[in-house]
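Chemist: Assemble the whole structure, with the sequences as input and the hints as a guide.
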Amino acid sequence: MNDSKINLLEAPFELSYKYKRSSGPVMSKFFEGLSQKKIFGTKSKAQKVFAPAAEYDPDTREALTEIVEVGPGGTIESWSWVNSPRSHHLLKTPFAFALIKLDGADTAMLHMVSDCDESDLSIGKKVLPVWSENPTEAITDINYFILES
Amino acid sequence: MKKVAVVGYAQHKILPNAGALNEVELIMPVVHKVFNDLGISQDDIGFTCSGSCDYLQGAAFAFVEGLSAIQTSPPIKESHVEMDAAWALYESMLKIKMGDADTALIYGFGKSSPGNLDSIISLQMDPYYISPLWPDRVSLAALQAQILLQQKIITHDEMMATVIEARNNAANNPNALLTDHVSEDLYQADSLISSPLRGFDCPPISDGASAMVIASEDKAFEFTDNPIWIEGIDHSIESSNLGSRDLATSPTIQNAITNLNLKNINFDVAELHTQFSHEVPFLRKLLNLTNVPTNLSGGPLVGNVMMCAGLDAIGKTFQSLVSDQSDHGIAHASSGPCLQHNMVVHLERHK
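Residue numbers (this note's numbering), protein chains in the order written: chain A, 1 to 149; chain B, 1001 to 1351.
Just so you know, not all the hints are guaranteed correct.
Only pairs whose alpha carbons sit at most 30 Å apart, straight line, appear in this in silico BS3-like list of lysine-lysine [claimed, not checked]:
hint : chain 1 : residue 1 : chain 2 : residue 2
1    : A       : K48       : B       : K1152
2    : B       : K1077     : B       : K1002
3    : B       : K1033     : B       : K1013
4    : A       : K92       : A       : K37
5    : A       : K125      : B       : K1152
6    : A       : K125      : A       : K48
7    : B       : K1152     : A       : K126
8    : A       : K29       : A       : K45
9    : A       : K125      : A       : K29
Derived coverage of chain A by chain B (criterion: at least 3 residues anywhere in the stretch with Cβ under 8 Å from a Cβ of chain B; other residues may be distant) [stated by the list, open to error]:
hint : region
10   : 70-82
11   : 89-98
12   : 108-122
13   : 127-140
Not everything, but these chain B residues come out facing chain A in the computed CB check (under 10 Å) [said to hold, decoys possible]:
hint : residue
14   : P1135
15   : Q1144
16   : I1193
The hints are simulated quantities; they were obtained by calculation from the structure and are not laboratory data. Bear in mind that the values here come from a model prediction, so they are computed numbers and not experimental data. From the three backbone atoms N, C-alpha and C, an ideal C-beta is built for every residue, glycine too.
Modeler: Following this line, the structure appears as structure tokens:
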């Protein structure tokens, strides 16, 4: 058989995500806030403040709609120093992942702390956000946190 | 409801890199081993359930290919969980308790070597607040370790002792991946990956598969003289909102202790799905296992097949109760960052 005479059917194959996605009424407010250098949380009936803004209270299942501003500073609740960032990490110099309880919040937010040494870090240290100059309404609108001087 | 027993279990030798050996080729030998040990075939199985993670294979519905390892003609009743196969066991047990089946085959499989496990696990997290920061599994575990150390719930020495003991215990486990001993000096000299966790505190990248057969009280004795009964099984999950959790304790483990009435049971053996060294002393204290031989197989620190290591903890507990003729075993399976989702299984050998 002469292969060159076979009329092969061809179709393009492109891996893509062809949907529009909304981040919903609560998280979209949080992300809009970040792009304006504000951090929003949500407050439950029991006055517990979740930040970043949570859609519901995991303990009581209460839907959370009341938006409150928190931070922008916060306190380190836990941290882990990454001395040799791996290829997928956003920061290429040594940094810490940290759980940060923003001022006025009752829960912590995962983010990064940079521009310091590991020995500078401890639970209870105060931190401030470093904002991105090119916000995209994403959690990365905060580049990272730095220690309050 | 019918009682359910574990009647057979087999584990593939854990490999650092299975290379061209694909998932089907890892599953097939363990399914055949457990069937041959019991003298049965797929025809004796009423329900089949597997656990695996499509993210590891990098393709949607990749788990379906795993079915090539078993006989599916005539058609079988089958299901899958995108979780550790310990949860495939849970689904299978429910099937039997509901009277839909009398026997079940469970298998789990995972190859972590082809991809970058750290980045893959990041993608399984909350896609809005967490994944875009690319936290790796070690750094997330380290956040919990830091809190446990700070609050003096565990100590650095306990973490080191856990690593040394795991490597020593690996001698009991023919399928262990890491069997070389670690001295205190070697441990102390190891570099920190994500502080406070050193390389030795983390599990090795592992490839493998395991299979288990369970049966109702009507069928169990047809298969074996040594059924090990699932006296209790309980699981619950904590919030995906990592920052709202209290990482110094585990409400899900405490739920299990209450729901299974574990307080007054003297366990002979325990196998915990503890992927990082700090999780061992933490869970041993929570579960009151400080004087109970724990992770005699070496546990995940000497071989940690993703989507399988939880089922392996149950399988190793089963094997200990059979071989030691002891009475009570406790097994634990986990999923998610910082022990988010926990299953506790109470296994018992009836005299």
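Chemist: Would you mind marking each hint as holding or not holding in the structure?
Modeler: Verification of the hints:
Distance restraint check for A/K48 and B/K1152: the Cα-Cα separation of roughly 27 Å lies within the 30 Å cut-off, and the hinted pair is therefore satisfied. Distance restraint check for B/K1077 and B/K1002: the Cα-Cα separation of roughly 20 Å lies within the 30 Å cut-off, and the hinted pair is therefore satisfied. Straight-line distance between C-alpha atoms of B/K1033 and B/K1013 comes to about 12 Å, which keeps the hinted pair within the 30 Å bound. Annotation: proposed proximity of A/K92 to A/K37 holds, straight-line Cα distance about 24 Å (limit 30 Å).
Restraint check: the Cα-Cα separation between A/K125 and B/K1152 comes to about 19 Å, which is no more than 30 Å; the hinted pair holds. About 22 Å separates the Cα atoms of A/K125 and A/K48, which keeps this hinted pair within 30 Å; it holds. Of the pairs offered as hints, the one joining B/K1152 and A/K126 holds, with about 22 Å between alpha carbons and a cut-off of 30 Å not exceeded. Proposed proximity of A/K29 and A/K45 is supported: the alpha carbons are some 19 Å apart, at most 30 Å.
At roughly 28 Å between alpha-carbon atoms, A/K125 and A/K29 fall within 30 Å of each other, so this suggested pair holds. Counting residues of the region 70-82 of chain A whose CB falls under 8 Å from any CB of chain B gives 6; the rule of at least 3 is met. As drawn, the region 89-98 of chain A meets chain B at 4 residues by the rule of a beta-carbon pair under 8 Å; at three or more, the given contact holds. A stretch counts as covered by a chain when three or more of its residues have a beta carbon under 8 Å from one of that chain; for the region 108-122 of chain A and chain B the count is 6, and the coverage holds.
Counting residues of the region 127-140 of chain A whose C-beta sits closer than 8 Å to any C-beta of chain B gives 3, which meets the bar of three, so the coverage hint holds. The interface hint given for B/P1135 is met, as the beta carbon of that residue sits about 5 Å from the closest beta carbon of chain A, less than 10 Å. At a threshold of 10 Å, the smallest CB-CB gap from B/Q1144 to chain A is about 7 Å, leaving the interface hint in force. Hint status for B/I1193 relative to chain A: holds, with the closest Cβ pair at about 8 Å, below 10 Å.
The structure shown violates none of the earlier numbered hints.
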